[in-house]
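J.: Here is what each chain is made of, one letter per residue.
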Amino acid sequence: MDHLGTSVLFAGNNFSRLLGGLWTTIWIALLALLIGLILGTFLGMMRTFKNRPVRLILRLYLEFFRIVPTVVLLFLAYYILPRQLNINLPAEQVAVLTFALWVAAEFSDIVRGALISVPKHQRESGLAIGLTHWQLFRYVLLPQALTLELPATINLATRVVKTTSLLMLISVMDVINIGQQIIEANGQSHPNGIFWVYGLIFFFYFIVDYPLSLLAKKLNAANQH
Amino acid sequence: MAKEILRVEKLNKFYAKQQILYDVDFSIAQGEVLALLGPSGSGKSTLIRCLNGLEEFSTGDLFFDGQKMVPTEKNWQQIRQKIGMVFQSYDLFSNLTVLENIVLGPIKVQKKSRSQAVQIATRLLKRVGLADYLQTYPRQLSGGQKQRIAIVRALALHPEVMLFDEVTASLDPEMVRGVLEIIKELSEKDNMTMIIVTHEMNFAEQIADRVLFLEDGHILENTPSKQFFVNSQTERAREFLESMKF
Amino acid sequence: MDTNIIQAAIPKFIEGFKVTIWLSLIGIIGALIVGLICSLLQYFKVPIVSKIISAYIELSRNTPLLIQLFFLYYAFPVIGLKLSATFCGFIGLTFLGGSYMSEAFSGGFNGVSNTQIDAGKAIGMSRRQLARYVVFPQGLSLSMPALSANIIFLIKETSIFSVIAIPELTNTALDLIGIYYRSNEYLLMLVIAYAIILIPLSIVLTILERRVRYGSFGN
Ligand SMILES: Nc1ncnc2c1ncn2[C@@H]1O[C@H](COP(=O)(O)OP(=O)(O)O)[C@@H](O)[C@H]1O
Ligand SMILES: [Mg+2]
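Residue numbers (the working numbering), protein chains in the order written: chain D, 1 to 225; chain L, 1001 to 1246; chain C, 2001 to 2219.
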């Protein structure tokens, strides 16, 4: 007897399949974040340099990612990589690549904003004691910028997690795609199952993102003082 | 003896568990000027903010015109029309022009007609030499101008008492005099009752009838001004005065 | 790249363009209304209601729009609530955007400095008068940057409505790719279409932000 449809979640290996899908979602998000943050740090630093062409190109790079919706970015990579560049990657890697480039763009702006908000005399005192530009970044500016940029970075991470919901569009076997398979397979026997499957996925996303946003809010409040 | 306007009895104030003011007692009579002096952090701002309810006090009583103050939000709104306050950071409303800053209280709080309020504002602005700035926004003014307008904004409600909390502390030196002269004129011409927190000792000596000397939340002296500046009663007050000199 | 293909597709893209604009417009208006109401209720700390609003904001902000849409479009019919795709789009965008806009407004209201509020209290203003003449006007101008970021964000989010077959821009492009198997042309047109919407809009919003910035001057 199942009036509610909850049993769909636990029938067979459904629950572990959903967890597996969640794991795919999470590792794609983590890997994209890792690559994107590293790349974005360098791009952000370069955007504080004096060199105009470099700054212009990086600005355009950022604006491109600001304007084009992530769904479209995914399809761009999905179609253009194999057809134009003859690069055939599994969909997961296409996703990681796309998200990483997007994260790098957004993060470069966060890094740049934090760097230019470090007081000028800090930079000058660093140079005055003979630090090279790289040492200045490494030992003075980045550490100071880090506390400023942390809340925005965590918020970016929550956005990446939410954006992984789009993975199903390029046929990655993520938690939503697996959820849909389960719904379809059980649609006849458990018409209410759809509610519970989507409910669980909704909950999954929430428990990943909610603590992160809470942390970002706390850190932000602390920074205001 | 002039009539008493404000009396504070056994006022205590805590922030969380920390006590900031200890059994503060004093009163001020009509037309009297009280200088509230003391080192930074001694509780001067906290004390005068308690007088118009910007800070809640923990225990104690406040009497205004002989009436005991019952600290409800409504009562405070009434009392605040009779107690004007000017702050260190001017705090003109940045979204309003000079004129709107001044007439806001008379129109919205005291329900005066707009023409009446504008009349009051123009007269007061003339008095402080800023009649040409009616339509200006605060950000276009210098600190000294902003502070003179903040005084006008408070006066427009026709208060019986004025509180000044280090109103010249953020000003460039050449702006200080203009503001202090207005305060002095208020006392001399209008016989305004005032409590003044200031670090300008010369000014305090000239204008104050009496000095309250506060340290660590205790009132150490409540002395006529002539005596305080020449011959303070406590060692601490003498040290404080000494430290204010070069 | 084949210009004929591009030309032939222009009418379809114009249709999609209209749908995207229309959907964005009603969704953003809905979001602004919901956001403003929520932020006001929270500002005045209306008991119970403000707790419920907090819960709504956290749920909406911490879950993907795609799942919110699937719920509306696929799961609700099971309990007898069948909504058209476009209506789902409107509700979805309003549900998602309402929380973002509410946070933007609240951020503005809370950003008004305490000294301005003290100054208002000191001339005897009531809480409501303070809100009306000081906190809201200044708060609104402080919230402008966040509001305009949200507007851009929500327009981009309409691309997700392609999954419930609303014929907006992305859906139009994907359909065409599916039929004619020409991705370069259609994707290029798609990117350009978003640029046509978003570049002028962000310029206008930036100008608007500069205009209303008085609130951030404090004194
Ligand atoms: N909001 C507050 N919370 C906690 N402590 C405060 C607060 N405001 C002031 N204090 C403390 O109260 C004491 C008196 O402060 P204040 O009245 O501003 O002194 P003054 O105006 O004489 O410099 C100080 O020790 C200060 O740290
Ligand atoms: Mg003080």
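Keep in mind the hints are simulated off the structure, nothing from the lab. These numbers were taken from a predicted model, which means no experiment stands behind them. It is possible that part of the hints are untrue.
Cross-link-like lysine-lysine pairs, in silico, DSS-like; alpha carbons within 30 angstroms at most [said to hold, decoys possible]:
1) Lys2051(C) <-> Lys1074(L)
2) Lys1003(L) <-> Lys1245(L)
3) Lys1108(L) <-> Lys2045(C)
4) Lys2051(C) <-> Lys218(D)
J.: Compare the structure with each hint and give your call.
T.: Here is how each hint holds up against the structure:
{"no.": "1", "hint": "Lys2051(C) <-> Lys1074(L)", "verdict": "holds, 27 angstroms"}
{"no.": "2", "hint": "Lys1003(L) <-> Lys1245(L)", "verdict": "violated, 36 angstroms"}
{"no.": "3", "hint": "Lys1108(L) <-> Lys2045(C)", "verdict": "holds, 24 angstroms"}
{"no.": "4", "hint": "Lys2051(C) <-> Lys218(D)", "verdict": "holds, 18 angstroms"}
Checked against the numbered hints given earlier, this structure breaks only hint 2.
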